[in-house]
Amino acid sequence: MKKYMSLLRMRFISGIQYRSAALAGIVTQYVWGFMLILGFKAFYDADASAFPMSFDALVSYIWLNQAFLAMFMPWITDTDILESIRDGSVAYELCRPVQLYPMWFYKSMANRLSRAVLRCFPIIIAALFLPRPFKLLAPSDFGALSAFLLSLFIGFLLVVAFGMITYIITFYTLSSNGIRIVIIGTVEFFAGSIIPLPFFPENIRKIVELLPFASMQNVALRIYSGDIIGIEIIFRIVLQLFWFIAIYLIGNYLMRKAMRHVVIQGG
Amino acid sequence: MIQVEHISKTFKVSRRSAGFLEAFKALFHREYECVKALDDISFNIDEGEMVGYIGPNGAGKSSTIKVLSGILTPDSGSCHINGRIPWKERTAHVKDIGVVFGQRSQLWWDVPVVDSFLLLRDIYKIPDKLYQNNLDELVNLLDIEQIIRTPTRQLSLGQRMRCEIAASLLHSPKILFLDEPTIGLDAVSKIAVRDFILELNRNHKTTVILTTHDMQDIEYLTKRIILIGKGKILMDGSLENIRKEYTDTKRLTIDFIGEDIQLVEGMKFILQEKNHGVIDIDSKMLTVSDAISILSSQVKLNDISVTGPSVDEVVAQLYQKYHI
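Protein sequence lines, in the order shown, are assigned to chains F and X.
According to numbering that gives the first Met the number 0, numbering within the first sequence proceeds without interruption in unit steps and concludes at 266.
According to numbering that gives the first Met the number 0, numbering within the second sequence proceeds without interruption in unit steps and concludes at 323.
Treat the hints with caution; some may be incorrect.
[What the hints assert, rightly or not] In silico DSS-like pairs for lysine-lysine, Cα to Cα no more than 25 Å straight-line:
#1 X:Lys11 with X:Lys35
#2 F:Lys1 with X:Lys94
#3 F:Lys1 with X:Lys24
#4 X:Lys94 with F:Lys2
#5 X:Lys94 with F:Lys256
#6 X:Lys320 with X:Lys299
#7 X:Lys243 with X:Lys222
#8 X:Lys320 with X:Lys267
#9 X:Lys231 with F:Lys2
#10 F:Lys2 with X:Lys124
#11 X:Lys267 with X:Lys283
#12 X:Lys128 with F:Lys2
#13 X:Lys320 with X:Lys231
#14 F:Lys256 with X:Lys243
#15 X:Lys87 with X:Lys124
#16 X:Lys231 with X:Lys87
#17 F:Lys256 with X:Lys11
#18 X:Lys124 with X:Lys189
#19 F:Lys1 with X:Lys124
#20 X:Lys320 with F:Lys256
[Said to hold, decoys possible] Estimated spans, in silico, between C-beta atoms of each pair:
#21 X:Asn81 with F:Tyr171: 54 to 64 Å
#22 X:Gln145 with F:Asp86: 45 to 55 Å
#23 F:Val26 with X:Phe19: 40 to 50 Å
#24 F:Gly184 with X:Gln316: 58 to 68 Å
#25 F:Gly184 with X:Thr9: 32 to 42 Å
#26 F:Tyr17 with X:Lys243: 34 to 44 Å
#27 F:Arg204 with X:Thr9: 46 to 56 Å
#28 X:Leu156 with F:Leu248: 52 to 62 Å
#29 F:Leu144 with X:Phe23: 55 to 65 Å
#30 F:Arg259 with X:Met284: 56 to 66 Å
#31 F:Gly184 with X:Gly82: 44 to 54 Å
#32 X:Phe23 with F:Thr172: 17 to 27 Å
#33 F:Asp86 with X:His79: 27 to 37 Å
[Unchecked claim] Selected chain F positions facing chain X (in silico; Cβ < 7 Å):
#34 Lys2
#35 Pro96
#36 Tyr100
What the hints contain is simulated information worked out from the structure, not anything from laboratory work.
Cβ coordinates follow ideal geometry from the N, Cα and C atoms, glycine included.
In isolation and in its complexed conformation, chain F is listed as follows (with noise of 0.2 Å):
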């Protein structure tokens, strides 16, 4: 486990070095928040009863979503891996006594990390003290607010499981841009990164949110802004669960799988 953490540590320090890059952000992601806000106003000023979400809860739905961005967002891939891949360096990291899976599973965990710890703060802060109707609200108890880190946490860790399936496919393709795009697009709007879920058609809703995408910032967003609560919360955080340990060992099947007939790439 200590060789895990160190793991863990190392990528988070080396990700905490870029700190234009972090400005950069959390800029981006102030105003793209800022944006998406004004956009759906207009809607809402119109006609708010045809929405299924309160206008506060979408604000902090938005809110949230770019905060925690880098946690959650497929895009998000740890580079380090996918070139070491195609260059063949990975040769080194088999070199070591540990097994591929859970060193890259912490790895790119520490990278979201890293990137999320940096920007989080400064835009939940400073959207906790816009005027209203901008205002990030504070959740409604201290039940919801834990029940919102348990399902964020693991969320974070179905996105991370699920990233590693690109890693892997990687290993046949060799280049992950045709892959990624593909998952992108998909994990972006299932996982109601575009527009919340609770915006889907009502049919096509309840299926997509028993898709594993459903279970990834969905969950957690909607559990703080108070759109899913009681008894509801246990069974969706049971679902998010679910999913994490299937992604998981499909994971490290697929990833034993490639070992078994992985080249290393370059002389």
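Fit chain X to the known structure of chain F by using the hints.
The following block gives chain X in isolation, referenced to the frame of chain F:
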């Protein structure tokens, strides 16, 4: 310690001719060719041996190293290192080996080298005391005390390579694989690296397998060489024997005072200038001392040196002989 028996590995390589049309065709139909990277390779290496593994580019050197370090599974054949099969018991096996790939880096790019070392300490579960001892020794011998506190991205190639070697030895491996460790290094760094490897082998009885294109590395470090070409082992023997077997010429470089020199059969001018000359002697026809007495009977010799052919020339001859 290392037993390799009849190892073979074939790679599928896609080939196509240049051009747009060909590239378009390759979208629908790809032609593959099977390339035998390793073809029935066998050898044994004892504990504490230093072996030079040589051959032209694409001969299968790196593939062999990859098999030995457990990251490539051969199609057939067996390999036992310390009683383990590398690719079957990878994680147990790699604890005993250190690997340096001269063309890749194992150090983290953005952080000081010593941070990478600490991570390796945790990954290999090196006890604190052993780690400290090894680190002190390596830092001392490789002269990297200042360097290891610098981020990797700011190191020169020579500095980085010394750190790479240190990183591969922190866990006191019994076997060290060096895949072109001196590639691209300047003379000083090369010598530092070579001296260190010699020292390591002497003090710790570390088994070293070295692949390189730099024949001075081989000459300086190894007694035994294995020559591989087109995936086959062509020769396995001591450097001295090979040198004797493949070279019949000695080279004399002389400074002299006097007029023309008349050479006898078996001697040939490579360079002839006023008061200076380079002469090759065919040692099957006459000995060096005979040649010298012939020369000194004709002119006054001021300076004379006798050299054998360089290892580079020997190897070039070997490559020629085996058509590789």
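Okay, the hints, checked on the actual structure:
1. X:Lys11 with X:Lys35: holds (9 Å)
2. F:Lys1 with X:Lys94: holds (17 Å)
3. F:Lys1 with X:Lys24: Violated: lysine 1 of chain F and lysine 24 of chain X sit about 52 Å apart, past 25 Å.
4. X:Lys94 with F:Lys2: Roughly 14 Å between the alpha carbons, so the hint for lysine 94 of chain X and lysine 2 of chain F holds.
5. X:Lys94 with F:Lys256: holds (23 Å)
6. X:Lys320 with X:Lys299: violated (40 Å)
7. X:Lys243 with X:Lys222: holds (14 Å)
8. X:Lys320 with X:Lys267: holds (23 Å)
9. X:Lys231 with F:Lys2: violated (40 Å)
10. F:Lys2 with X:Lys124: holds (8 Å)
11. X:Lys267 with X:Lys283: Satisfied, since the Cα-Cα distance of roughly 14 Å is no more than 25 Å.
12. X:Lys128 with F:Lys2: Holds, because 17 Å separates the two Cα atoms, which is no more than 25 Å.
13. X:Lys320 with X:Lys231: This hinted pair holds, its Cα atoms lying about 14 Å apart.
14. F:Lys256 with X:Lys243: Answer violated: lysine 256 of chain F to lysine 243 of chain X is near 50 Å, above 25 Å.
15. X:Lys87 with X:Lys124: holds (21 Å)
16. X:Lys231 with X:Lys87: holds (24 Å)
17. F:Lys256 with X:Lys11: holds (18 Å)
18. X:Lys124 with X:Lys189: Distance ~31 Å between lysine 124 of chain X and lysine 189 of chain X Cα, so the pair is violated.
19. F:Lys1 with X:Lys124: holds (9 Å)
20. X:Lys320 with F:Lys256: violated (43 Å)
21. X:Asn81 with F:Tyr171: 54 to 64 Å: Taking Cβ atoms as reference, asparagine 81 of chain X and tyrosine 171 of chain F lie about 33 Å apart, which means the hint is violated.
22. X:Gln145 with F:Asp86: 45 to 55 Å: Violated, at about 30 Å.
23. F:Val26 with X:Phe19: 40 to 50 Å: holds (43 Å)
24. F:Gly184 with X:Gln316: 58 to 68 Å: Between glycine 184 of chain F and glutamine 316 of chain X, where Cβ atoms are some 60 Å apart, the hint holds.
25. F:Gly184 with X:Thr9: 32 to 42 Å: holds (38 Å)
26. F:Tyr17 with X:Lys243: 34 to 44 Å: violated (59 Å)
27. F:Arg204 with X:Thr9: 46 to 56 Å: Hint holds: Cβ distance 52 Å, inside 46 to 56 Å.
28. X:Leu156 with F:Leu248: 52 to 62 Å: violated (43 Å)
29. F:Leu144 with X:Phe23: 55 to 65 Å: Given a distance of about 58 Å, which is inside 55 to 65 Å, the answer is holds.
30. F:Arg259 with X:Met284: 56 to 66 Å: Taking Cβ atoms as reference, arginine 259 of chain F and methionine 284 of chain X lie about 59 Å apart, which means the hint holds.
31. F:Gly184 with X:Gly82: 44 to 54 Å: Cβ of glycine 184 of chain F to Cβ of glycine 82 of chain X: about 51 Å, so the range 44 to 54 Å holds.
32. X:Phe23 with F:Thr172: 17 to 27 Å: holds (20 Å)
33. F:Asp86 with X:His79: 27 to 37 Å: Cβ of aspartate 86 of chain F to Cβ of histidine 79 of chain X: about 31 Å, so the range 27 to 37 Å holds.
34. Lys2: Interface hint status for lysine 2 of chain F: holds (5 Å vs cutoff 7 Å).
35. Pro96: Result: holds, 5 Å to nearest chain X Cβ.
36. Tyr100: Status violated, d = 12 Å.
Hints 3, 6, 9, 14, 18, 20, 21, 22, 26, 28 and 36 from the list above are not met by this structure, while the remaining hints are.
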